[in-house]
Amino acid sequence: MSTMVNYPGDPYPWLGTHWGRLTAAFGQGRFPHALLITGQPGLGKAAFAHELARFLMCEAPAEGVAACGKCTGCTLFEAGNHPDFFSVSPEEDSSAIKVDQIRALSDRLAMSRHGGGFKVAILDPAEAMNINAANSLLKTLEEPTDNTVLVLVSANPGRLPATVRSRCQQVRIPVPERGVAVAWLKKQVDAEQPEICLSLANGAPLLALDLARGNAIEERARHFQSLVGIIQGRQDPLALAASWSKDEDLTGLRWLREWLMDLLRIRLTGHVRGIHGVDLAEGLQALARQLDCKVMFGQLDKVNRAIQMAGSGINRQLMTEDILLAWAAGTS
Amino acid sequence: MKFTIQRETLLKPLQQVVGVVERRQTLPILGNVLLNTTKKSLKLTATDLEVELQAHATVTITETGDITLPARKLLDICRTLPEAADIDISIKNERAQIRSGKSRFTLATMPADEFPVVEKIKSGRKLAVAQNDLRALIDRTAFSMAQQDVRYYLNGLMLEADNGTLRGVATDGHRLALCEFSLDTGDTTEQQVIVPRKGVQELHRLLEDDDAEVQVEIGSNHIRITTSALRFTSKLIDGRFPDYHRVIPKGADKSLVINREMLRQALTRTSILSNEKYRGIRLDISKNNLKIQAHNPEQEEAVEEIEVAFEHEPLLIGFNVTYLLDVLGAIQSPEVEVLLSDANSSALIHAPGMNECRYVVMPMRL
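Listed in order, the protein sequences are those of chains A and B.
For the record, in the first sequence the residue sitting at position 316 is 316 according to my numbering, with numbers rising by one throughout.
For the record, in the second sequence the residue sitting at position 43 is 1043 according to my numbering, with numbers rising by one throughout.
Bound-form chain B, shown alone (with noise of 0.2 Å):
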């Protein structure tokens, strides 16, 4: 392998994939960087045996081949070269030369077919939609997603396509969120995949706020995006999620309309004094009127009361005030509106007249 390329055309794609190289690797060969070529491309692939990056860049190349190298130091030595420098990279004797103008580097490699490279998705459901929808996506519904659960299939968001729509869900057992928006495609096929929360961090971060369009692969083992400039992929979660329809309560029909704002200041203000492990708050609904408490073992108390649309019997609800701020962070329309059947139920939280994006917070006996 032999070829000459910009230092800004191979630091950027560099950058780009590096960020999963984990510091400290199970396997020796993690730790570097697959070098692809053809004739007028350069690919770069790195993994973390979980997110897999690959970026590429135009260059003309003197003799292709295949080859990994170690990462942070390629990443080290390019970043530290001066500008616009013009580097020789070509491979010898199981040696990578490195030169750029009087500076000379050779770095041990290792063979490209060790590495573990996810080729092609198997028996996968091809979908094309906007970045900043599937950016919200996961805006929405990411913060729901359980921690380290000993339920594994809940450490992560499951994402879902069928009839024309796609659709995350994500719960942790306490509290579901669910989002979807519609597809222009023909395709019907259902698929439901569960994405690990390490994968669906690493894909917020990568994915931008316009609408450029990227293309979704969903396999039965793997998930894969393809952007202009990136191809993520993503192992999944080998797991059933829980049937979320079960979840979403049916019966809830007493409406409790608010100011979105003013109901998240007011938690806000109460959560101060909540117990601090269990942040339990008391909702006290009355004809159009809010109370909410909170006092903590120390006998302190906070009261707020708001003005807010409610017609039915009066009810006493307690939940954990930080599941609900996080609900009320999600949403974006200025108000929202709580459905509410009982204190033992749960609540259903949207905005108004939007079903899009639904949320479900179990409540807490206080």
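So that you can see chain A by itself, here it is in the shape it has in the complex (with noise of 0.2 Å):
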């Protein structure tokens, strides 16, 4: 990385380019006043979200990249308290950003300043707004009071409505290249397999970390083991659903999922490249030959459709049971 610019701390090295973009922006007098940070999960938008902000209430930045963590508007900032900084997320019972929630921001958004840098709202998730929500925003987007900065923070940017998205400028943050992240993982955590953590997440650093500091693969191996019990009569389909279904993320469920998609991509190529799964490659080779293909395509129908309905109040434990039902009959 030759243009690394000195991201407060650097915690994510991978975000130095964006952070370089938006601060020269700023230097220059043209930092946009609504951004809209995209990437998938586990990229660090939130915190790039989060140290803009720091670095737009700073009365003094040092060197112009970065908050300077000693004058007035850093201390509150750092102390929770500072007037001019809004952050609206889903309040707790509710997965949704409500329509009053966006108009008590408008009407704090419509008063001055209380100091001398910016006033920075945060939404995240954005696409957690629902319609009103997202309505009643337009015209503060559209046309905020002098001095102000909304940043919208969404992996899923497409659930935005495109009037909203349209008002934002874009700042997408790409996975990083497998090098780096690999480098930044080592150096967070003494896992032994940080290579396979990231292959889980997709790439994001932060998700793998997460795997990574949980027993993620242990676990997963412990569920397919599970799976693989059931095939072979050691395991009661009925016992591993009870247990399953005490998950609310349903965890056993989109692996079972992601799984199935791996037995059909062996099963059809005949080999275990571009698997998602690789840390259990071998087992999964294993199992795809006992398999039928029209039987995992139906299965993958029927854990989809779970997944879909999960919210919905159905009933999980009978739910989970009916898919392990299937699984073991399946194979038979």
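If we take Cβ atoms under 8 Å as the criterion, some of the chain A residues that face chain B in the derived model are:
1. N81
2. P83
3. H114
Below, simulated DSBU-like cross-link-like pairs (lysine-lysine); rule was C-alpha separation at most 35 Å, straight line:
4. K70/A to K1039/B
5. K70/A to K1073/B
6. K70/A to K1198/B
7. K1198/B to K98/A
8. K1122/B to K70/A
9. K1073/B to K98/A
10. K70/A to K1092/B
11. K1277/B to K98/A
12. K1120/B to K1043/B
13. K139/A to K1198/B
Label-pair distances were calculated between CB atoms; the ranges are:
14. Q28/A to S1220/B: 20 to 28 Å
15. P90/A to G1173/B: 28 to 36 Å
16. D1113/B to D301/A: 55 to 63 Å
17. E1311/B to G116/A: 54 to 62 Å
18. G116/A to G1173/B: 28 to 36 Å
19. S94/A to V1303/B: 52 to 60 Å
20. G116/A to Q1097/B: 35 to 43 Å
21. H1174/B to D93/A: 34 to 42 Å
Note that these hints are calculated values from the structure, not bench results.
A quick note: this is a predicted structure, and the numbers were derived from the prediction, not measured.
The beta-carbon is built from N, C-alpha and C at its ideal position, and this holds for glycine as well.
Put the two chains together into one complex, using the hints given.
Here it is in structure tokens:
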């Protein structure tokens, strides 16, 4: 990396170029009034937005590229008390950003600023805004008051209304080069298999770090062995369903979906190159030989439907039992 | 920090500033009051981020320092202690010790530098005015401010200083109130700011009805008014106020002069039978006679006739009666003059021969 800009503390080296571009725009007095930061989960978008806010609220940025950390603005921001900083996320018992939250934000942005920096509002995740919220943001987004920057953070910008997207300057955070990400991962954690974690996280370093810190690899192996156990008659599908359905995130089902796709890939191409579950390559290859393509497609449909319906108050245990019984039946 | 203070000396300034502390805060530190000390004085500051109040007390400080303490708890402790009690306050290990007689309290603190206080007003213009002048200006205009309008720049009172006058203008898009008084200052810098509704109300509450001088500082982000006891600081609305000159009718020449109290009472009576939602009334003006009519969806009707001074062609015009009553409540003189041009143009209302306060009310089509 040659054009490295010192992103403060440099926690995420792959963000350096974007940091450099935005601070340069700031130096030239043409910082956009609305940013839409996009990219898949686990790239550090939220941290980037936060760092940007800290920078914009600093009263004397060091060398024009980083917050000084000493001025009143920085002290207040650090304490979480800066009157010109607004953070909007779904409220605790809700998955959506509601219209009242946006109205309150617009009212507060209409007031003059407290300090000498910018007023900054972060909306994360921006696609959580319901349609009314998004519409009520439009006016503010189009013509914010002076010295105001709105930062929208979204992993799914496609779910934002086009009217919102078109009013923002988009900053796409790409997946970092593999070398950079692996080097960074090795520095963070004493993981045995950073490369595997990175693959499992689709290249997103922060997600990979979470996987490496949790014992995701062992968990996966355990889940996989249980599935193999069902086929070999060692494992009771109903007991497994009872334990899987306790997990609200449906980790078991999501992994089963991923493995079904991998199994199909192996069956159709005949080799393990390009599969997602690199940690379980051998097991998957062995299993693929025993399974029938048509049955697997049927099961994949079933799992997809189940995951889609999961949020709608469906009985998770019954749903999981149904899938695992089909899994047990499909191979015999 | 360490000092001993008499209960009453602390209680009064504390009560004055605690009013702005909201019961539910967005930030925990806003529930606290900031204490700044110098050798001889104690300053207390509270804020809700929109309005900040600072009061002071004269007291000998044994050991100076700055800290923030939970505002309501401190107030409740002071209030419930016996009269004339001496209170010892000291800070140790990020905890505040409060002792008085045999009572002892330990309060949690938060660091003073994390408290969002407005230090200096940037690029400000300073003026000195009598506090009753400022109070009257608010009295006579504030009722016209918009409430939660999407045109956020209308949700406040515009204050304008130019050429030796201080002027307040408020409008909600249907009516406008303007009031001004002259300043004895040589400073002719023009400055225009919009004080948000909440700041206007809070300021009105703390201004007293005497001619003591107060200092007004108008900056680009804040307005600050300092009285002998208090320092009031409010944020401003970050917007451009509409060009109100264009709203004040120029061609209105049909003058209607009328006894204010008589008109007010007649309108109040007539309004009983006006449409509850639209509050429309009809003014049927002919030579030296005014007929006020109102009717509602139930076909009920009210008619009032008053003798007036009017020397022009007859005119029929409708108004929202609430707007007229608001104006009549704000004018002080025994008579009022209403200037009209035709049924589709705004009326200009003022006290005859006085131009300091002017009110514009848009007509209603009935």
